[in-house]
Amino acid sequence: MELTGAEIVVRFLKDEGVKYVFGYPGGAVLHIYDALYKQQDVEHILVRHEQGATHAADGYARATGKPGVALVTSGPGATNAVTGIATAYMDSIPLVVLTGQVPTHLIGNDAFQEVDSVGITRPCVKHNFLVKDVRDLAMILKKAFYIATTGRPGPVVVDIPKDVTAAKADYKYPKQIALRSYRPVTKGHIGQIKRALKLMMAAERPMIYTGGGVILGGGSGSLTELTRLLGFPITNTLMGLGAYPGTDKQFLGMLGMHGTYEANMAMHHCDVLIAIGARFDDRVTGNVEKFCSKAKIIHIDIDPSSISKNVRVDIPIVGNVDNVLKEMLRIIKEKNLKPRREALKAWWAQIEEWRATDCLKYQQSDEVIKPQYVLEQLYKVTRGNAFVTSDVGQHQMWAAQFYKFDKPHRWINSGGLGTMGFGLPAAMGAQFAHPRSTVVCVTGEGSIQMCIQELSTCLQYGLPIKIVNLNNRYLGMVRQWQEFFYQGRYAMSYMDALPDFVRLAESYGHVGMRIEKPAEVVPALKEAMKMKDRLVFMDFITDQTENVYPMIPAGAGLNEMILV
Amino acid sequence: MRHIISILLENEAGALSRVAGLFSARGYNIESLTVAPTEDPSLSRMTVVTRGSDEIIEQITKQLNKLIDVVKLQDLTEGAHIEREMLLIKVKAVDGAREELMRLTDIFRGSIIDVTGQTFTIELTGTSEKLDAFIEAVDDKLILETVRSGVTGIARGERALRL
Ligand SMILES: Cc1ncc(C[n+]2csc(CCOP(=O)(O)OP(=O)(O)O)c2C)c(N)n1
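From first to last, the protein sequence lines are chains A and B.
For the first sequence, the working numbering assigns the number 1 to the initial residue and increments by one for each residue that follows.
For the second sequence, the working numbering assigns the number 565 to the initial residue and increments by one for each residue that follows.
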């Protein structure tokens with residue numbers, strides 16, 4: 001059947017099973033918008049800024065495990081999308097971003113709204129394409145989805161010149177694709193798996209450390225089964241929260257810069273470390289020289305380049321996390337392998353001692369709202385069942401520490417790039433994915449203003465997101481570093497001239513609430529959660545000088561934490 | 565350690581910049597880089613000369629393999645291999661220097677490929693080391709211009725980099 005390039009794009013998205021496209025129109029993509037207008041299968045969500053489109057598509061992907069799709073115009077549309085693309089890239093999120101481009105004959109001529117989108121995005125995509133011939137369009141789109149979603153996932157940009165969207169070609173949905181240069185591994189090497197198991201069964205002080213890869217690789221179920229079977233302690237990275245039930249006794253909390261004392265101490269003292277779908281990020285390892293110096297390290301990851309990149313490992317296993325864990329479970333059961341129960345008992349006794357420091361405790365107050373208290377209560381009021389997105393800063397760390405995630409895909413934050421402005425649009429994506437679930441955006445008065453315009457999108461589509469704004473009148477995380485490391489010289493971290501968020505929310509057509517006293521926190525949260533079909537903006541006026549503890553200063557070892 | 569990495573990559577627009585971009589973004593060093601299509605027009609063969617510890621070279625090969633356009637690669641320096649680079653050098657050749665330069669070219673098995681009353685242009689192939697030695701041997705004051713192709717290489721024996 002002969003279709004225009006624009007029709008091919010839309011038809012392809014339908015055939016690929018795409019439900020939502022987050023986008024913003026402009027000259028170079030008008031043919032595509034016209035094709036969208038003429039059909040009902042693919043729903044286009046009009047955001048208010050292209051950064052919002054990419055973050056929303058990203059939030060959708062994180063909340064579902066399916067690829068997110070964004071559509072933007074050439075030039076400024078594409079450059080506005082870059083922050084979202086880089087955010088997805090750093091966290092390995094499957095995203096397909098369609099960017100319009102000026103007509104082929106104008107490329108390179110500094111045409112109106114021309115930028116080299118392929119060049120600009122190259123360092124922050126898994127791959128990108130410029131479509132030069134409408135006959136290649138369907139196949140390139142197929143490759144884009146295939147590359148974005150397989151192996152270690154990531155964003156793929158497809159740059160489509162306007163004339164290509166007008167030209168016609170035969171369309172058939174490409175079911176099969178073959179890429180000779182891209183064949184991601186899936187199964188782990190059996191010999192390596194057996195060597196790893198031998199080490200695990202001999203361990204006296206084992207520790208499991210897992211990252212976002214377990215969630216991306218659909219490995220939560222097998223991870224939970226394996227961890228319980230072995231009785232080993234486990235910690236998750238900021239990206240990995242929810243891969244293992246946060247309320248379970250074997251869970252030691254998050255590790256790293258603002259991780260728990262018990263998780264970091266157990267990392268430091270373990271003799272066998274089992275790293276799964278994690279990448280030894282500097283916010284996790286602290287000083288790599290001192291990192292897990294007593295441990296033999298096993299590393300399971302789908303990306304060979306993650307292995308021994310920052311920390312040398314002893315037993316690398318390249319493969320899909322879920323496959324490898326299932327294989328481990330099979331062998332353990334078949335051979336009836338047993339960990340060293342006696343040694344584990346002593347190890348747990350030590351861990352319980354560390355746990356007893358209760359490192360997340362904070363001073364409650366009757367006068368001023370403690371941010372930790374808000375999150376603790378948010379967890380209770382939502383019964384741990386919400387999808388929680390966050391922005392970047394102190395509130396993000398408190399959310400990670402105080403909201404216990406029992407399931408994967410529920411905790412959605414920009415871990416790798418640390419993008420302020422991510423929270424609200426990501427919540428939109430999550431809410432589209434789960435229209436009947438509670439979606440909460442935990443944010444700060446600094447971050448929320450970076451994509452505040454999306455409140456308008458939320459009204460248009462009736463997204464009942466609950467915004468928890470921890471308003472400390474400071475760029476809190478910046479202020480904290482200035483307090484600790486710059487002798488309290490608070491350069492540019494005070495947020496002056498803030499808007500009245502209640503009236504701001506109201507002027508966008510939503511419900512606004514200001515909460516100033518600790519006693520009002522729980523009633524306000526309950527009231528907000530009852531408003532099932534309204535977006536509620538809760539502006540919590542919190543303690544201005546609260547800091548995130550514990551903290552490992554950059555460059556220190558995991559056993560050198562600052563406790564309260 | 566110096567490594568010569570041979571890469572088969574898709575002969576696509578942008579493939580070269582993906583490789584070059586990878587090296588600059590990750591701070592890896594490139595001593596030379598050459599690229600040209602192969603007998604199969606859909607494939608290019610690239611040769612990169614780089615330096616780094618074993619860990620860095622391991623990362624470089626892994627990161628290269630991760631690029632979607634990279635089909636296959638081989639670290640030539642891991643086995644016996646042949647390395648060749650071409651040098652074209654234009655030198656001032658007057659009076660006694662003419663004799664001297666002809667002798668030097670002979671010793672290095674180069675050839676003089678262009679002559680004027682004032683200059684010689686000499687062509688020389690070999691390992692980078694040999695070309696360095698030749699340039700070293702020519703009096704600095706005589707050198708007008710040099711151009712080097714960058715290193716290409718191939719494995720010795722039956723080892724071949726192909727699909
Ligand atoms: C786009 C962007 N710009 C700057 C930063 C640096 N940064 C990290 S945290 C932070 C402060 C965030 O303040 P706020 O949103 O009010 O949250 P709080 O730390 O007070 O909870 C800043 C500026 C960033 N992460 N992202």
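Calculated directly from the structure, the hints in this document are not laboratory data.
There may be inaccurate statements among the hints.
[Claimed, not checked] Here are the simulated lysine-lysine pairs, BS3-like style, with alpha carbons at most 27 Å apart:
#1 A:175 / B:656
#2 A:404 / A:380
#3 A:326 / B:636
#4 B:626 / A:309
#5 B:626 / A:194
#6 A:380 / A:338
#7 B:626 / A:142
#8 A:175 / B:630
#9 A:142 / B:630
#10 A:517 / A:370
#11 B:705 / A:66
#12 A:309 / B:636
#13 B:694 / A:187
#14 B:630 / A:187
#15 A:132 / B:694
#16 A:290 / B:626
#17 A:142 / B:636
#18 B:636 / A:132
#19 A:309 / B:630
#20 B:626 / A:296
#21 A:187 / B:654
We went through each hint and held it up to the structure:
no., hint, in the structure
1, A:175 / B:656, "65 Å, violated"
2, A:404 / A:380, "10 Å, holds"
3, A:326 / B:636, "30 Å, violated"
4, B:626 / A:309, "10 Å, holds"
5, B:626 / A:194, "24 Å, holds"
6, A:380 / A:338, "37 Å, violated"
7, B:626 / A:142, "25 Å, holds"
8, A:175 / B:630, "24 Å, holds"
9, A:142 / B:630, "19 Å, holds"
10, A:517 / A:370, "10 Å, holds"
11, B:705 / A:66, "66 Å, violated"
12, A:309 / B:636, "21 Å, holds"
13, B:694 / A:187, "47 Å, violated"
14, B:630 / A:187, "17 Å, holds"
15, A:132 / B:694, "45 Å, violated"
16, A:290 / B:626, "25 Å, holds"
17, A:142 / B:636, "23 Å, holds"
18, B:636 / A:132, "26 Å, holds"
19, A:309 / B:630, "14 Å, holds"
20, B:626 / A:296, "23 Å, holds"
21, A:187 / B:654, "57 Å, violated"
The structure does not agree with the numbered hints 1, 3, 6, 11, 13, 15 and 21 stated previously, though it agrees with the rest.
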